[in-house]
Structure formats: C-alpha cells, structure tokens
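So the sequences go chain by chain: A and B. In terms of the numbering used here, the first sequence has 45 at position 45, counting the first letter as 1, and numbering is strictly consecutive. In terms of the numbering used here, the second sequence has 87 at position 87, counting the first letter as 1, and numbering is strictly consecutive.
Treat the hints with care, as some may be off.
Pairs of lysine to aspartate or glutamate residues, derived as DMTMM-like cross-links and limited to a Cα-Cα distance of at most 25 angstroms, are as follows [what the hints assert, rightly or not]:
#1 B:K226 / B:E216
#2 A:K182 / A:E66
#3 B:K177 / B:E63
#4 B:K176 / B:E91
#5 A:K15 / B:D23
#6 B:K226 / A:E93
#7 B:K78 / B:E145
#8 B:K177 / B:E216
#9 A:K155 / A:E128
#10 B:K81 / B:E173
#11 B:K226 / A:E92
#12 B:K175 / B:E63
#13 A:K10 / A:E163
#14 A:K157 / A:D169
#15 B:K226 / A:E57
#16 B:K95 / B:E63
#17 A:K182 / A:D18
#18 B:K71 / B:E145
#19 B:K379 / A:D59
#20 B:K226 / A:E66
#21 B:K25 / B:E298
#22 B:K25 / A:D18
#23 B:K137 / B:E216
#24 A:K157 / A:D26
#25 B:K55 / B:E90
#26 B:K137 / B:D208
#27 B:K379 / A:E57
#28 B:K239 / A:E93
#29 A:K15 / B:E216
#30 B:K24 / A:D18
#31 B:K226 / A:E87
#32 B:K226 / A:D26
#33 B:K239 / A:E92
#34 A:K222 / A:E198
#35 B:K226 / A:E198
#36 B:K379 / A:D18
#37 B:K226 / A:E163
#38 A:K222 / A:E93
#39 B:K239 / A:E87
#40 B:K55 / B:E97
Because the hints were derived from the structure by calculation, they are not lab data.
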Amino acid sequence: MAQQELLCLKSVSLKYRDIVAVQNLDINVYPGEILGLLGPNGCGKSTTLNAIAGNHELDSGCILLEGQSHTQHPLSYRGQIGFVPQELAFYEELSPYANLSFFGNLYGIQGNILSQRIAEVLNLVRLEDRANIPAFGFSGGMKRRLNLACALIHKPKLLLLDEPTVGLDPPSREAVFSCLHKLREDGCAIVYTTHYIEEVVRLCNRVGFMAQGSLLFHGTLKEFQAQIIKKASINRTNASSPNYIYEGDWDSSQLDQSVLRKNQAEETHSLEQYLIELSEIKAA
Amino acid sequence: MLKQQLNLLWILALKDIQLFLVDKKAAALCFLVPIILASVFGYIFAKPLQNEDLKLPLLIIREDNSPLAIKLENALLKSSKLNAVIASREEAMAKIERRYINIALVIPKDFASQIALKKKVPAIEILHHPSASLESKWAEGVFTEIAFHEAAPELLGFWLPGSASLKLDRPFEVKKKPFPKGIESSKQAYSHSFSGMTMQYLLFWGMDCGLLLLRERRLGIWKRLKAAPIPLPTLLGGKIVATALIALTQIFFTFSFGSLVFGVAINGSIIGFFLMAIATALLSAATGLLVAAIGGTENRARSISILSILSLSILGGLWLPSFLLPLWVQNFSLLLPTTWMIKGFEGVIWQGMGLLDASYCALVTLFFSTIFIGFSILKFQSFDQSSASDGVGPCN
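All chains should be modelled from the sequences, with the hints used to inform the complete structure.
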C-alpha cells in the first residue's frame, strides 16, 4: 500500500507585489523523510517554507497537510508544524528552558508533560547543561540548536528548516545533523532548505532544486545523484583561493541562476568531502 | 596616524549615515517631525495673542437687582475676555464641584446699596475650584477693569466726598472662596505633575512596547509566532495585556510614592481611580500598538511616536492646564484621549471627582483604546497579506 503523503503542494504560486516569488510548485513530502530544497539565494526556498508555515497567502494553488488546508483549518494546521526561520527566532534574554516553556505553552503543552518534553528536547539538541542560562551569551552553534529546539517542543509532524546550518562550524553542524537524523527516525517529516549540496546528499531522501521561483528538479536522492551530480562538471577556478563552481546540465538559459558558488574558506573541508563522495558515486 | 584615525572615524560615521538613509521614509520623518512640532505649537501658542480668542469661562451670579449690578452683569456678558453665562449660586456650585467650569463671580445682594449708603466697602465673591486659583486671579482682573470702565462714577463716589482719604485703590473687595472644601491647593502642583508626567511616561512606555513588536517582526520571532496556532488578534492581545499590566503597576507604584512622599491623595472616588488606572494603562498599550501599526518599521514608528506623544501630551493638557490654550484647541482636544485621561485622573486624585464622572472619563478613554486596537489589528493583517516577509521585501 502506497504511503500517504503528509504535505502536498499543488500548483502553488506566490507573488511579492508584481514579482513572482514562487510559481507552479508541486511537492509531496512523506512521513519520516527529509526533503532538501536546494537552490541559490533568492530562488524562492524561504518563501516556499513560509507559505507552508501559513505565513503567506497563496496567489494560486493549495497546500495540504494531512489533507487539511491552512485556509480552512489554520490552527490545527499550524499546530502540526515546527518552523525554524533562518533568523534566530527566540528570546536571547531568556534561558533555553524559559524559551521552550513559552513556545510549549503556545502549543498547549503544560505542567509535567511540558517539563518532560523540555528535558527531551534539550537533550536532543545537547543543551541540557545550559538550560537555565540566558541565551545571549551562547555560541552561534548553541543558538542555532536552541532555534531548532524551539520548533520541536510540540513534537511536530512536519519540521520546516530554513538554512539551519548557516554560519556553523563542523561540530555544530554535525550536532544539528544528528538531531535531524533522530527526528527522521521518529517519523517526523522535514523540509530543509540549503544551498550546500553536501548537506542534501548527507541528509535528504528527496531533493528539490529551485531557481527563480520554479522547481527545476524534484526526485529522490538517487535520482538527483543520477541525473544531476553524475553529469556535473566541477571546475576549480582558482587554486590559491578555493572557489568551486558546480553546474548542472539543465537548460543553459537557467544555468546562470542555478549556479552554486562556494568561496568561503570554512567550507573547503566539506566541499573536499563532497568531491570525494562524488568521485565515489561516479566510480560506483 | 591622526589622518588614519580621522579616516576611520569618517568611515564609521558614513556607515551610520548610510544606515540612517536606508529607510527613506523614516529619514524624511526625522526632518519633518521637528518642523511639524515647532510649526503647529508655534501657531497654537501665538494665536491667542493675535486674535485674543483666549476667553475665560465664567458663571455670573447676580444676587443684587440694582441698576448698577445689572450694568456690571451686562458688561461682563459682553466682555471679549470672558465666556460668561448667568447662573444661580446652586447651579454654579454644582458645576464647579463637577468641574464643568472652574470660576463663578457673585455680585452679592446689597452690593449697590452699600455703595450708596457709604457705610461699608462693597465686596464681590469669586467662587472657584481649588485647582483654579490662577483663573480666579484672571477673573478678578477682568472684573476690576470692567467695573472701572462701566461704573466708575458709582464706585468712586464712595470715596469722593472725603477727599482727604481718597486713594486710588480698588473701591471694592474681592472675597475668594475655593470650593469644594477639603482640597488642599498646595498639593495641586504635585498632583498635576504626578498625573501629567505619569500619563506621558506611560505613552512612551507604550511606544517602547510597540517598537519591541516591530523588532520581533524584523528579527524573525514574529515568523515563528505567526506559524504557531495563534490567531493574530490573540498575538497582538498578548502584547497589549503585558504592556497594560506593567503600565498599571507603574501607575500604582508612582502614585504610592507620590502619596507617601508628597501627600498626593485620592480625594475623589477610589473605584474611579482604579477605573482610570485600568483605562490609562490600556490606552498606553493601544497607543504603542497603533504607532507600530502606522509606522511599520522601527525608525518610522519612532518618529511618529515622538510626534504623536508630544502632541497628545501638550494638547491634552498633560503639561499645562488646557484653559491656557485657545478655545478651538480646547474644543479640539476633546477628540484626544489624553484630555479625558488627565481629566479623569486629576479629577479622582485631588479634585474630588465622583464615581459617575470618573466612569465617564474612563469609558471615553477605553473607547479610544478600542478604536486604536481595532485599527492596529486591521493594519497588521494587511501587512501580512501584502508582504512576502517582514513588510520590507521578499524573504529569500
């Protein structure tokens, strides 16, 4: 029996003033899978996430979560979603415990259940030893993990993550990945936006590639590896300063917008790993 | 070295100027707000001197039916410096007690006969609310001028026969009677100050909370809150309740201090005081929300709030008694919530205002709060519908 999709986007289009932000998006997400939305800055990833979260009205199409639309059942729809915006969306003046307590209360969790849930979530994001310290003094990695934790407190069925690893060092990134793996194992569906290909390869079951508001590719990771990565050409443009260009073999008119550029020194390591993985894929 | 430091200083300054100019509407408001404030208040305060429309509201109680008393009454009614109306003593006392008016001038029985008999220096009475000692002096001056102008022969006739004792003093006495009793005018300054300045501070407090809301929108917390299963009115309602509760605590704390240290007391209805405190706290929250809704961004909201709070404070009588303003401004100020706020608050604090009148002032203040909150919710809803993110641009 085919698995029932948890999230379904049907011909979703959104405009910002007269600019098309997202057009004709068709996406399905199933329980226990991670969909990676890949694409360059400004391609419509975050707008798509915000639309799924119910923060934007659609110009056309519909979004269904377990068959319910946001417009018809806004409160029960939102209650099943955990949203992690790109920004640090919690109160830095408060401790992780106080933040989680507040967000838990918003979702109707109280008393012992809340305390228990806070302990679980703090354990999951490895912040249990900082539970009662105000968050403003935390490192970037700890803040990112707390940002994630605030979206997990109510055990959402669908987790929306908007570039959650931006600015994180490798250990902090690993901590986030491990947390997401655990959530996937528990049956949580995740939509994850990023412009790091290696993150998609490591985390996701399925991949969507967006450019200029459109979905250029949508398929499983295997299909992504087969159709996109295998055919990719990797050019090292400058040996002294790492500056990699990845170009897919899709329509050349879309190429300019869908080129992924990585030129930050801190990403060299992961890109090197990616190159190794890629060569292994090719060898296989 | 110095040149390098100066260069760095300039680079830093330039960055701040660039940041200032990023939001062009906010930058424009920064220049416009002081111009608007200076121009409007300059116009308001200059106007009375030019067209002399500053009139003192006054009740005339004529208990003497002599031709002289009638003559003086007519002159008072015609005076361009007064907004005079005839009343009985009972009517006048009731109106002064309820602060519908502050001053009543009594031409007592036998005023003319005392002049004619030359036995006793005649006396007029000025009944005034304890808060209106300044206005009572104003009334005294205007009456003296009118009396000399209209009835010099009758009044000075008292003195003329005995030329040795002739003085150019005023040939009648003025007996001032503060009413109602039991209200110490010495406490007036502190009471007005505690009422006016607390109200003004609370408006700034509300503004600060409005700015905090806009900051939350900018920082992304708003996105998370909106994604939670909470309707927008509830989301904004939470902000209002928090702001209002803290404002309420501030009111009680401030007035407790005023009471203990400066003897500021509640001479009117205590329930009325609590009603006014609740209405005022809610208004401070509603005003902050309104400013945030109109401004849309922190920078714009800051300029708008300075303009609106200063205007509401000055025109509403939080700084100066409203009778010092032109009549048209006094009438206009009835459309401002601060007028009712200060009227109710001062009323119950030290003017002996009863529960009924305090309830009326509180209801009007609550009415303004409701309008402000309703408008703000609509405005925030339209923000969410018209913008892809934060009201400032696409969210990618």
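Structure-based check of each hint:
Proposed proximity of K226 (chain B) and E216 (chain B) is supported: the alpha carbons are some 11 angstroms apart, at most 25 angstroms. For a cut-off of 25 angstroms, the pair hint linking K182 (chain A) to E66 (chain A) stands: about 22 angstroms separates their Cα positions. The straight-line distance between the Cα atoms of K177 (chain B) and E63 (chain B) is roughly 16 angstroms, inside the 25 angstroms bound, and the hint therefore holds. Proposed proximity of K176 (chain B) and E91 (chain B) is supported: the alpha carbons are some 18 angstroms apart, at most 25 angstroms.
Taken as a hint, the K15 (chain A) and D23 (chain B) pair is honoured in the structure, with Cα atoms around 23 angstroms apart against an allowance of 25 angstroms. Between K226 (chain B) and E93 (chain A) the CA atoms are separated by roughly 20 angstroms; this keeps the pair inside 25 angstroms, and the hint holds. With a C-alpha separation of about 13 angstroms, the suggested pair K78 (chain B) and E145 (chain B) falls inside the 25 angstroms cut-off, and the hint holds. The suggested pairing of K177 (chain B) with E216 (chain B) is violated, with an alpha-carbon distance near 56 angstroms, which exceeds 25 angstroms.
Distance restraint check for K155 (chain A) and E128 (chain A): the Cα-Cα separation of roughly 18 angstroms lies within the 25 angstroms cut-off, and the hinted pair is therefore satisfied. With a C-alpha separation of about 21 angstroms, the suggested pairing of K81 (chain B) with E173 (chain B) holds against the 25 angstroms cut-off. Among the hinted pairs, K226 (chain B) with E92 (chain A) is consistent with the structure: their alpha-carbon atoms are about 19 angstroms apart, no more than 25 angstroms. Proximity of K175 (chain B) to E63 (chain B) is assessed by CA-CA distance (about 15 angstroms); at most 25 angstroms being required, the pair is judged to hold.
Among the hinted pairs, K10 (chain A) with E163 (chain A) is consistent with the structure: their alpha-carbon atoms are about 23 angstroms apart, no more than 25 angstroms. The straight-line distance between the Cα atoms of K157 (chain A) and D169 (chain A) is roughly 28 angstroms, outside the 25 angstroms bound, and the hint therefore fails. As the CA atoms of K226 (chain B) and E57 (chain A) are separated by approximately 13 angstroms, the hinted pair is consistent with the 25 angstroms bound. For the hint pairing K95 (chain B) with E63 (chain B), the CA-to-CA distance comes to about 18 angstroms; that is within 25 angstroms, so the pair holds.
Between K182 (chain A) and D18 (chain A), the direct Cα distance comes to roughly 41 angstroms. Violation of the 25 angstroms bound is thereby established for this hinted pair. Restraint check: the Cα-Cα separation between K71 (chain B) and E145 (chain B) comes to about 14 angstroms, which is no more than 25 angstroms; the hinted pair holds. About 20 angstroms separates the Cα atoms of K379 (chain B) and D59 (chain A), which keeps this hinted pair within 25 angstroms; it holds. This hinted pair checks out: K226 (chain B) and E66 (chain A) have alpha carbons roughly 20 angstroms apart, not beyond 25 angstroms.
Straight-line distance between C-alpha atoms of K25 (chain B) and E298 (chain B) comes to about 11 angstroms, which keeps the hinted pair within the 25 angstroms bound. For the hint pairing K25 (chain B) with D18 (chain A), the CA-to-CA distance comes to about 21 angstroms; that is within 25 angstroms, so the pair holds. Under the criterion of a C-alpha separation no larger than 25 angstroms, the hint pairing K137 (chain B) with E216 (chain B) is inconsistent with the structure, at around 53 angstroms. For the hint linking K157 (chain A) to D26 (chain A), the alpha-carbon distance of about 20 angstroms falls within 25 angstroms, and the restraint holds.
A distance of roughly 24 angstroms separates the Cα atoms of K55 (chain B) and E90 (chain B); the hinted pair therefore holds under the 25 angstroms criterion. With a C-alpha separation of about 41 angstroms, the suggested pair K137 (chain B) and D208 (chain B) falls outside the 25 angstroms cut-off, and the hint is violated. Distance check on the hinted pair: K379 (chain B) and E57 (chain A) sit about 16 angstroms apart at the alpha-carbon level, within 25 angstroms; holds. Distance restraint check for K239 (chain B) and E93 (chain A): the Cα-Cα separation of roughly 17 angstroms lies within the 25 angstroms cut-off, and the hinted pair is therefore satisfied.
At most 25 angstroms may separate the alpha-carbon atoms for a hinted pair to count; K15 (chain A) and E216 (chain B) meet this at roughly 24 angstroms. In summary, the hint linking K24 (chain B) to D18 (chain A) is supported, as the alpha carbons are separated by about 21 angstroms, within the 25 angstroms threshold. A distance of roughly 14 angstroms separates the Cα atoms of K226 (chain B) and E87 (chain A); the hinted pair therefore holds under the 25 angstroms criterion. Distance hint between K226 (chain B) and D26 (chain A) is fulfilled; the C-alpha atoms sit about 24 angstroms from each other, no more than 25 angstroms.
Distance hint between K239 (chain B) and E92 (chain A) is fulfilled; the C-alpha atoms sit about 18 angstroms from each other, no more than 25 angstroms. Only pairs whose Cα atoms come within 25 angstroms are accepted, and K222 (chain A) paired with E198 (chain A) is accepted, the gap being roughly 14 angstroms. Simply put, K226 (chain B) and E198 (chain A) have alpha-carbon atoms about 31 angstroms apart, too far for the 25 angstroms limit, and the pair is violated. The suggested pairing of K379 (chain B) with D18 (chain A) holds, with an alpha-carbon distance near 21 angstroms, which does not exceed 25 angstroms.
Of the supplied pair hints, the one linking K226 (chain B) and E163 (chain A) holds, its CA atoms being roughly 19 angstroms apart against a limit of 25 angstroms. Note on K222 (chain A) and E93 (chain A): the hinted pairing is violated, with a Cα-Cα distance of about 44 angstroms set against a maximum of 25 angstroms. Distance hint between K239 (chain B) and E87 (chain A) is fulfilled; the C-alpha atoms sit about 21 angstroms from each other, no more than 25 angstroms. Annotation: proposed proximity of K55 (chain B) to E97 (chain B) holds, straight-line Cα distance about 21 angstroms (limit 25 angstroms).
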